[in-house]
Amino acid sequence: PDFREPFCVICDASAHAVGAALMQKIGGKQKIIAVFSKTLTETQSRWSATEREGYGCLLAIEKFSYYLMGRGFLVLTDHKALCALDRKIIANDKLSRWQARLRKYSFTVQYIKGAQNNLADMLSRPWAKIREKEKPSEDLAGEFYIPVGDKNLVIYIPSWCCGDKFPRKMLLERTDIAAELFVLKSTITDVWAPNMPIVELRIIECAQTEDQVIGRVKNFIEKGTEPEKWTIPDSVYGVKRYKRFAKFLGIHAESGCLTINWGKRTCLVLPKSLVLKYLQSAHGNGHGGVDRTAQLLSWCWWPDMAENLREFVATCERCL
Numbered sequence: 001p002d003f004r005e006p007f008c009v010i011c012d013a014s015a016h017a018v019g020a021a022l023m024q025k026i027g028g029k030q031k032i033i034a035v036f037s038k039t040l041t042e043t044q045s046r047w048s049a050t051e052r053e054g055y056g057c058l059l060a061i062e063k064f065s066y067y068l069m070g071r072g073f074l075v076l077t078d079h080k081a082l083c084a085l086d087r088k089i090i091a092n093d094k095l096s097r098w099q100a101r102l103r104k105y106s107f108t109v110q111y112i113k114g115a116q117n118n119l120a121d122m123l124s125r126p127w128a129k130i131r132e133k134e135k136p137s138e139d140l141a142g143e144f145y146i147p148v149g150d151k152n153l154v155i156y157i158p159s160w161c162c163g164d165k166f167p168r169k170m171l172l173e174r175t176d177i178a179a180e181l182f183v184l185k186s187t188i189t190d191v192w193a194p195n196m197p198i199v200e201l202r203i204i205e206c207a208q209t210e211d212q213v214i215g216r217v218k219n220f221i222e223k224g225t226e227p228e229k230w231t232i233p234d235s236v237y238g239v240k241r242y243k244r245f246a247k248f249l250g251i252h253a254e255s256g257c258l259t260i261n262w263g264k265r266t267c268l269v270l271p272k273s274l275v276l277k278y279l280q281s282a283h284g285n286g287h288g289g290v291d292r293t294a295q296l297l298s299w300c301w302w303p304d305m306a307e308n309l310r311e312f313v314a315t316c317e318r319c320l
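So the sequence shown is numbered by UniProt numbering: it starts at 1 and just counts up by one.
Source of the hints: derived by calculation from the structure; they are not laboratory data. Mixed in with the good hints there might be a few duds.
Distance condition first, Cα-Cα at most 20 angstroms in a straight line; then the derived PhoX-like pairs of lysine-lysine [as the list claims (entries may be wrong)]:
1) K264 with K247
2) K63 with K29
3) K94 with K63
4) K243 with K229
5) K25 with K38
6) K63 with K38
7) K243 with K272
8) K240 with K272
9) K94 with K38
10) K264 with K229
11) K272 with K104
12) K229 with K247
13) K94 with K104
14) K240 with K264
15) K243 with K223
Because the structure is a prediction, the values reported are computed rather than measured.
Please model the complete structure; the sequences and the hints are all you need to start from.
The following block contains the structure:
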């Protein structure tokens, strides 16, 4: 596998077992990296379809944790109710506990029709031929499902990307897995970077929350606390800049990300832990100068951004 490229987890469950496959696009084609299946106990087989599907998703992600931890990935399922895994509150006790175990992972859920999920379906039915799938629940978040092309494909838009002002345009790139199965790479447009994948937005939001400074700044802004009352020492990285530009800071309604509004454009505040990653990505795209690299990063901002840009470009070994 190539750890620079995203992974895809396809999972499914039957009345007798759960199964999943870890896949990745290699050489222009989707390749199977690993497979997993587990027989259900008599008690587990009596669980509801949603609980079995959720259990299969949980086991698959934890089984493939070595490949998935610390990076964004896609979960492909034919059970719409699984799309509730990204909600803050789930009434079902089992799903709520499993959701808590999955919070350390960054993933999005994409819904496909059962007829297109033959691979995981086969893994979850070890003793019999693939038969007609159970009809999935249709009562969850219907307005967040968008049909693409023919009526057989419907994608799910995670709740952190939904709201009253859902992005006006979404680019979809088809990636074939098998003859009747494919994944869509969804890209938000009209919001910050013109090529910002949905899963990247989730990664940034999680990194902001984990950042000791940004996480607290977000809390202060949400509570309306004046900058002079922020209980963060000025000696901590970036605090003086955050206080200086406090009136420009805000929380984006759809993603929950901390943003800074410069008037003509609104930028995402990039956590310190992600600065190097995006500097390498922007400058590595053609190894342009400071202005070109800054242009590619115009969707984000962080303290000392200008200084970091100049230093990074000036010390690039390939450009020397």
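Hints and how they fare:
| no. | hint | in the structure |
| --- | --- | --- |
| 1 | K264 with K247 | holds, 15 angstroms |
| 2 | K63 with K29 | violated, 23 angstroms |
| 3 | K94 with K63 | holds, 19 angstroms |
| 4 | K243 with K229 | holds, 10 angstroms |
| 5 | K25 with K38 | violated, 25 angstroms |
| 6 | K63 with K38 | holds, 11 angstroms |
| 7 | K243 with K272 | holds, 17 angstroms |
| 8 | K240 with K272 | holds, 15 angstroms |
| 9 | K94 with K38 | holds, 18 angstroms |
| 10 | K264 with K229 | violated, 29 angstroms |
| 11 | K272 with K104 | holds, 19 angstroms |
| 12 | K229 with K247 | holds, 14 angstroms |
| 13 | K94 with K104 | holds, 17 angstroms |
| 14 | K240 with K264 | violated, 23 angstroms |
| 15 | K243 with K223 | holds, 15 angstroms |
Hints 2, 5, 10, 14 from the list above are not met by this structure, while the remaining hints are.
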